[in-house]
Amino acid sequence: MSTTSSTLEIAGRAGRLHVHHWPCENARYVLLLSHGYGEHAGRYEHVAQALVAHGADVYAPDHHGHGLSEGDRALLTDFDAVQVADLDAVADLAVAANPGLPLVLLGHSMGGLIATRYAQLHGERLRGLILSGPALGAENPMFGLLELDPIPDVPLDPAVLSRDPAVGEAYAADTLVYHGPFQRPTLEAFLASAKAIEAGPGFGDLPLLYVHGTEDQLVPYPLARAVVERLQGPDSEHHAYEGAMHEVLNETNKDEVIAAVTAFVDRVL
Numbered sequence: 001m002s003t004t005s006s007t008l009e010i011a012g013r014a015g016r017l018h019v020h021h022w023p024c025e026n027a028r029y030v031l032l033l034s035h036g037y038g039e040h041a042g043r044y045e046h047v048a049q050a051l052v053a054h055g056a057d058v059y060a061p062d063h064h065g066h067g068l069s070e071g072d073r074a075l076l077t078d079f080d081a082v083q084v085a086d087l088d089a090v091a092d093l094a095v096a097a098n099p100g101l102p103l104v105l106l107g108h109s110m111g112g113l114i115a116t117r118y119a120q121l122h123g124e125r126l127r128g129l130i131l132s133g134p135a136l137g138a139e140n141p142m143f144g145l146l147e148l149d150p151i152p153d154v155p156l157d158p159a160v161l162s163r164d165p166a167v168g169e170a171y172a173a174d175t176l177v178y179h180g181p182f183q184r185p186t187l188e189a190f191l192a193s194a195k196a197i198e199a200g201p202g203f204g205d206l207p208l209l210y211v212h213g214t215e216d217q218l219v220p221y222p223l224a225r226a227v228v229e230r231l232q233g234p235d236s237e238h239h240a241y242e243g244a245m246h247e248v249l250n251e252t253n254k255d256e257v258i259a260a261v262t263a264f265v266d267r268v269l
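Its first residue numbered 1, the sequence shown is counted upward by one per residue in UniProt numbering.
Since the hints were derived computationally from the structure, they do not count as laboratory data.
A hint or two may mislead.
[Said to hold, decoys possible] Cross-link-like lysine to aspartate or glutamate pairs, in silico, EDC-like; alpha carbons within 20 Å at most: (1) Lys254 to Glu215; (2) Lys254 to Glu169; (3) Lys254 to Asp266; (4) Lys195 to Asp80; (5) Lys195 to Asp78; (6) Lys254 to Glu45; (7) Lys195 to Asp266; (8) Lys254 to Glu242; (9) Lys195 to Glu242.
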């Protein structure tokens, strides 16, 4: 079963937001998807199709400054005030279109940081939370770039995304992906949000699925795991994929990862 995605625009906190929607007839739940830094929600077509086949009505915004949404490219200044608030506006839209259906949130990398903060601030809206290689941990080596002036032009190396070389090649060729260096306000916003997350609160009784590659060079697994373990509640499930890199949903074992996602959703529904 596959579906044709449609797109819509809504007013975000800092500009127009482009929202991808993969509709599902007779949906059992709503899945809100939060993509990573520099990329866009269109890269999750295969994930969305698998979730639609599983019974999800899928909504995924291009975050402010990313993809087809407005804003200076990959410039982030305040996650709570913009990205988390924007995600809540998309949740409003998705829930209004599917009254009574449970809401599940999936966030990858930066989108996992946004999803974590969303769960801290709006966890009562969620039936389940799924974090994929979430960009958590104020000790991440990338914050060392803030000590340099100017910040060097070191764009992300596509080769560290997945053991499947086709993933890095497609990423490098994608004109909607931001391929430039980190900007100082963006790194400062990342660090501020990482610290706010570590200050709590925890997830309480919210069911959690946490998936991460052990060879992730962008978000070291031990750093993120330590934060997740401090926040998690009693109903939490962890999968560390040996040898996998940053994008486990695009890895050579992606079918195994997506199966873990759908099994988790079945359980929490």
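Earlier hints that do not hold, by number: Hints 7 and 9 contradicted; others consistent.
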